[in-house]
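What follows is the residue order along each chain.
Protein chains: 2
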Amino acid sequence: MDYSDTIGTTATFSAASSSFSQSTPTVVVSPCAACKILRRRCAKDCVLAPYFPPSEPLKFTIAHRVFGASNIIKFLLELPECQRADAVSSLVYEANARTRDPVYGCAGAICRLQMQVSELQAQLAKARADLLNLQCQQAKLRAFVYKETSGSPQSNTCFLDHNNAGPLWT
Amino acid sequence: MDYSDTIGTTATFSAASSSFSQSTPTVVVSPCAACKILRRRCAKDCVLAPYFPPSEPLKFTIAHRVFGASNIIKFLLELPECQRADAVSSLVYEANARTRDPVYGCAGAICRLQMQVSELQAQLAKARADLLNLQCQQAKLRAFVYKETSGSPQSNTCFLDHNNAGPLWT
Chain A
1 MDYSDTIGTT
11 ATFSAASSSF
21 SQSTPTVVVS
31 PCAACKILRR
41 RCAKDCVLAP
51 YFPPSEPLKF
61 TIAHRVFGAS
71 NIIKFLLELP
81 ECQRADAVSS
91 LVYEANARTR
101 DPVYGCAGAI
111 CRLQMQVSEL
121 QAQLAKARAD
131 LLNLQCQQAK
141 LRAFVYKETS
151 GSPQSNTCFL
161 DHNNAGPLWT
Chain B
1 MDYSDTIGTT
11 ATFSAASSSF
21 SQSTPTVVVS
31 PCAACKILRR
41 RCAKDCVLAP
51 YFPPSEPLKF
61 TIAHRVFGAS
71 NIIKFLLELP
81 ECQRADAVSS
91 LVYEANARTR
101 DPVYGCAGAI
111 CRLQMQVSEL
121 QAQLAKARAD
131 LLNLQCQQAK
141 LRAFVYKETS
151 GSPQSNTCFL
161 DHNNAGPLWT
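If you read the protein sequences in the order shown, they are chains A and B.
No gaps in the numbering here: position 26 of the first sequence is 26 in the UniProt record's numbering, and each next residue is one more.
No gaps in the numbering here: position 116 of the second sequence is 116 in the UniProt record's numbering, and each next residue is one more.
If you are wondering where the hints come from, they were derived from the structure by calculation, not from laboratory data.
Accuracy of the hints is not assured; some may be wrong.
Repeated chains share a single entry, so a pair holds when one copy, or any two copies, can fit it.
[To be verified] With a cut-off of at most 20 Å between alpha-carbon atoms, the simulated EDC-like pairs for lysine to aspartate or glutamate come out as follows: (1) 140 - 130; (2) 74 - 101; (3) 59 - 86; (4) 74 - 45; (5) 44 - 56; (6) 36 - 130; (7) 36 - 148.
This one's a predicted model, so the numbers in the text were calculated from it and none came from an experiment.
Take the sequences, apply the hints, and build the full model.
Have a look at this one:
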């Protein structure tokens, strides 16, 4: 179905849409946000209608501005119906990102997240190296304490409990 | 300048482009990849030419398939020239992501990176908590060792050097 053929051929669906649908059964009572914005007839099998309800016109406006209506329809028709809602969500998300950041869009967010991942990986590697170092020091200390207290069973060595001093991450 | 008006009005630029440019000074010798693919005249002030050289036709093909030529031109014209190269790079990056993953595109990559950041933050928080716990245990041990060895200066307590046992991250 070529939706682009009908773009601009119908006037409006606002006030007259309800009575108009009486004589043309293929037109739904309330056109979807996409057809309303594109000023075209919203057929019963409109591929955009399930994902762009009339209550959310901004959702289509933003996606339309970045990808164009014909591209959005092309993307959806290339996917099985069960994946189309997710595809529309991701397209709207990307279009929002491009609107907020016209230079970098989603790619900018990906770049920032990749840098954050790198920084966190470096911090985690350092924290784990510090832990190993501290565990090594503690093993030496513990050996020393056991040696010093081996002849005095009354010594207060309860903090050497292995439940506390064992490996700290697995 | 409305580039969309000229789309499809020119035949090809392949073999005849060099001689054609002799009589029409506004046409460059080699059309950019965008104009070649769109089969239109590549003017000297073509807004796409600096970013879509004839040597990289795939770059424009992919971006064109996802955003459409008129949208790409619109995005570029809304930006100062110094930001256009970055904008084209990000558009091509996003178009590649959408081609590889038609359902989630760049949004999928962002979702995966956000999950990775959350996991790394949780691992880092745990590693730091473990470090604090271990430092607390070591402080107790150290106090005990100092108490036990205070009367025996010959004891081998060199591993209690503060350079090794101080705070491990700052």
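* Taking 20 Å as the upper bound on the Cα-Cα distance, should residue 140 and residue 130 be classified as within, between, both, or neither? -> Intra 16 Å, inter 18 Å, cutoff 20 Å: intra and inter.
* Alpha-carbon proximity context of residue 74 and residue 45, limit 20 Å -> within (15 Å within a copy, 31 Å between copies)
* **Same-copy or cross-copy closeness of residue 59 to residue 86 [CA-CA at most 20 Å]** => Cα proximity of residue 59 and residue 86: one copy only (14 Å, versus 26 Å across).
* **Alpha-carbon proximity between residue 44 and residue 56, which holds within one copy, between copies, both or neither at 20 Å** => within (19 Å within a copy, 42 Å between copies)
* Intra/inter-copy verdict for residue 36 and residue 148 if alpha-carbon distance must be at most 20 Å -> This pair counts as neither: shortest intra-copy Cα distance 85 Å, inter-copy 85 Å.
* How would you label the pair residue 74, residue 101 (within, between, both, or neither) given a Cα cut-off of 20 Å? -> between (25 Å within a copy, 15 Å between copies)
* Taking 20 Å as the upper bound on the Cα-Cα distance, should residue 36 and residue 130 be classified as within, between, both, or neither? -> neither (61 Å within a copy, 59 Å between copies)
Taken one by one, the earlier hints fail for this structure at numbers 6, 7, listed in ascending order.
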